[in-house]
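Engineer: Produce the entire structure from the sequences given, and follow the hints as far as they go.
Protein chains: 2
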Amino acid sequence: MIGLAGAGAIGAAAAGVVGSQVFDRPDPAQASDPGAAVPFYGAHQAGIVTPAQDRLHFVAFDVITDNRDALVELLQKWTAAAARMTAGKDAGAIGAVNGAPEAAPDDTGEALGLPPSGLTLTIGFGPTLFRDAQGKDRFGIAAKRPAALADLPKFAKDALKPEISGGDICVQACAHDPQIAVHAVRNLARIGFGVVSVRWSQLGFGRTSSTSRNQQTARNLFGFKDGTANLKAEDTKLLEDQLWVQPGDGEEWMAGGSYMVTRKIRMLIETWDRTSLSEQEAIVGRNKGEGAPLSGAKEFDEPVFSAVGTDGQPAIAADAHVRLAHHEVNDGARLLRRGYNFVDGSDGLGRLAAGLFFIAYQRDPRKQFVPIQTRLSRQDALNEYIRHESSGLFACPPGISAADDYWGRGLFT
Amino acid sequence: MIGLAGAGAIGAAAAGVVGSQVFDRPDPAQASDPGAAVPFYGAHQAGIVTPAQDRLHFVAFDVITDNRDALVELLQKWTAAAARMTAGKDAGAIGAVNGAPEAAPDDTGEALGLPPSGLTLTIGFGPTLFRDAQGKDRFGIAAKRPAALADLPKFAKDALKPEISGGDICVQACAHDPQIAVHAVRNLARIGFGVVSVRWSQLGFGRTSSTSRNQQTARNLFGFKDGTANLKAEDTKLLEDQLWVQPGDGEEWMAGGSYMVTRKIRMLIETWDRTSLSEQEAIVGRNKGEGAPLSGAKEFDEPVFSAVGTDGQPAIAADAHVRLAHHEVNDGARLLRRGYNFVDGSDGLGRLAAGLFFIAYQRDPRKQFVPIQTRLSRQDALNEYIRHESSGLFACPPGISAADDYWGRGLFT
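Top to bottom, those sequences are chains A and B. Just so we're aligned: 311 in the UniProt record's numbering is position 311 of the first sequence, and the numbers increase by one with no gaps anywhere. Just so we're aligned: 68 in the UniProt record's numbering is position 68 of the second sequence, and the numbers increase by one with no gaps anywhere.
Please keep in mind that the hints were generated in silico from the structure rather than gathered at the bench. Hints should not be assumed to be uniformly reliable.
[Said to hold, decoys possible] Where chain A lies over chain B, by a calculated footprint (3+ residues, C-beta under 8 Å):
1) 125 to 132
2) 180 to 194
3) 201 to 211
4) 220 to 227
5) 254 to 267
6) 363 to 375
[What the hints assert, rightly or not] Computed list of lysine to aspartate or glutamate pairs in EDC-like fashion (alpha-carbon distance at most 20 Å, straight line):
7) 144/A with 252/A
8) 367/B with 281/B
9) 161/A with 347/B
10) 136/A with 240/A
11) 237/A with 331/A
12) 161/A with 151/B
13) 161/B with 347/A
14) 161/B with 251/A
15) 136/B with 151/B
[Claimed, not checked] Over 10 Å on every C-beta distance to chain A, these chain B residues come out as not near it, computed from the model:
16) 72
17) 298
18) 300
19) 304
20) 318
C-beta: ideal position from N, C-alpha, C; glycine also.
Structural biologist: Structure, rendered in structure tokens:
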């Protein structure tokens, strides 16, 4: 009964309804590893340092009401449903209260019989929630907008599509089973009917960044290991410095939270696939098989940017991705990346519409993502093979620690 | 070394190159179950009665040359690469022959280190391969077009998009890991550069039809069990009658093959989610939790269409999906379905672009899919909640049984 103690207080519709057709999924405590549940409550939201699950369904919502109370009520309902779903239960009963079948089900049913599968649901608030495109403070929270949630600048070569960028609220659903991640997003959208509508959503697979030293590094669709130098859950001191908003950083409601940047990065894989191996490796700055920096021999060897090859040239080129993205050349700035590969079918030009859905968490984007991406967008040799098609920026509040807490309470009280 | 004996005869580029950077994936014989390999050679193609894997990447190609020899050579190269990849090896070395790095890699690399994951690759030939849209017999095979590969009629309520329908050649890639399925399709596209281009492609998850009695029935995005009454691998006699083209059926090169119909079925899940449980169950003709027909109590109870409820009405309504799709009302015609759920992001109207990518195999679509779909398209109560957006029809040749055989040899010799 994880997380249900306070459910009665926040609307029976989304909570632990007793009816004739409640088909809760198997007890997470009895599930084997990839099926097991990840705790929902805690000092930080799950889904950030949680070892990256294999699948993603990311959704950005527009809030379609100006009614603050309706938004708060939705956040309360969502919190209760998220607590249920991450514990492997349904969003609500698939039948109605007391078994009356003449109501729409409180759960859509496609996850019945499936284990929790490591589901995490991570919420973030976009700049437009604080003040919309017309400058209106719809919900009376403009004064609480953190300075760190400053609109991202336009970067060189940006090719952003507004219809798949931004959003008032986002939810990152990660799980080991895509049916579980899709079920969660779909039920949050269902619960939000009339208050929010889906602005854009993205499925991903094959996590491309480890977030724990216990995970093997995965490969992106360029065929290279990605995220070798990522911030990891075990880097406790670095996480305080680079990932989690600290007391005194600004808006106190964000202490223990983190800022999320998303970028949908289309990869021109057909062009890449006709590039020689040596060129690919020079562009990335690592070799393809082992993933070692070109200055070293093993994946986790630290790159030595001063190293020189037998030809007298730098072993890692001046415009190599690994150099320009590295904290050594970015005043120590790091990111916790949590991206996923995607294929969205074909692009109508005979090519796969494939790439990387980049997600990065950080303490302050002004000091981390923005300067790093400014450098990359101007100089990175990879730019010839990629195109940034969408962008998102969200303030992810801290975790919630009691059953009467809810997503965003610090912002709305 | 499965399937490599004849590789030297059909082009080193796609075969077992010896170089300095060959990173074959783990031996399938040592892999645990969901990682294990499915045999590539056999009387029938794998990926039809193979227990449905969890993930799909489906691709339809246009052939962009009129050169028959180039097409045959591609089919040979593809066969060699498919044999390698389904055995858990790369399409070719990631380095070039003899380790020279100044060539594009023969494998794109993103599956390095991953097990075979049950990968199957199943090829089919569309009507336009035999005679293109201008009526031209580009490859001298028009006379070999089977009568059963007759263009599908336009069905009531079809809302097909030509750009994601049809195709000269399709490949269905199924695996337990989407990265493996995507890798396979991407490498076939890479090998086909200059001969084929990607017309459309579709990712899917959460197989919605069991093809073996050893599999649990999965759920579609309406939340209902799907495929309970599917043809299954164990139905040997029925498979001969309903699935596999028999000698004497027509074109002999198709004996042992099967015809594939694909339909991308958008589901209006937001509308469905606001429908009452009893209405949902009446439309489907089964209950949601157990999946039992409304005339019975258990999932595998045979539906009794003459059964009457306490209100004197038929237990299974006249327009219920399960009734109209059932072989009892379709002159015994059955299908082996192998569909997948999909979510393609959002539709720009605040909704998830979600649905079912329907795949069905059969001995003769004129006697199976066409009459069944004619009935469904006119009467099915589900039609209010679905929209057929793409359609495909392909002749899938028999399996290949020797290492010098190749996909489509019977058609081209």
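Engineer: Evaluate each hint against the coordinates.
Structural biologist: Structure-based check of each hint:
no., hint, in the structure
1, 125 to 132, "violated (count 0)"
2, 180 to 194, "holds (count 6)"
3, 201 to 211, "holds (count 5)"
4, 220 to 227, "holds (count 5)"
5, 254 to 267, "violated (count 0)"
6, 363 to 375, "violated (count 0)"
7, 144/A with 252/A, "holds, 9 Å"
8, 367/B with 281/B, "violated, 29 Å"
9, 161/A with 347/B, "holds, 14 Å"
10, 136/A with 240/A, "violated, 34 Å"
11, 237/A with 331/A, "holds, 17 Å"
12, 161/A with 151/B, "violated, 38 Å"
13, 161/B with 347/A, "holds, 14 Å"
14, 161/B with 251/A, "violated, 50 Å"
15, 136/B with 151/B, "holds, 16 Å"
16, 72, "holds, 21 Å"
17, 298, "holds, 15 Å"
18, 300, "holds, 15 Å"
19, 304, "holds, 21 Å"
20, 318, "holds, 20 Å"
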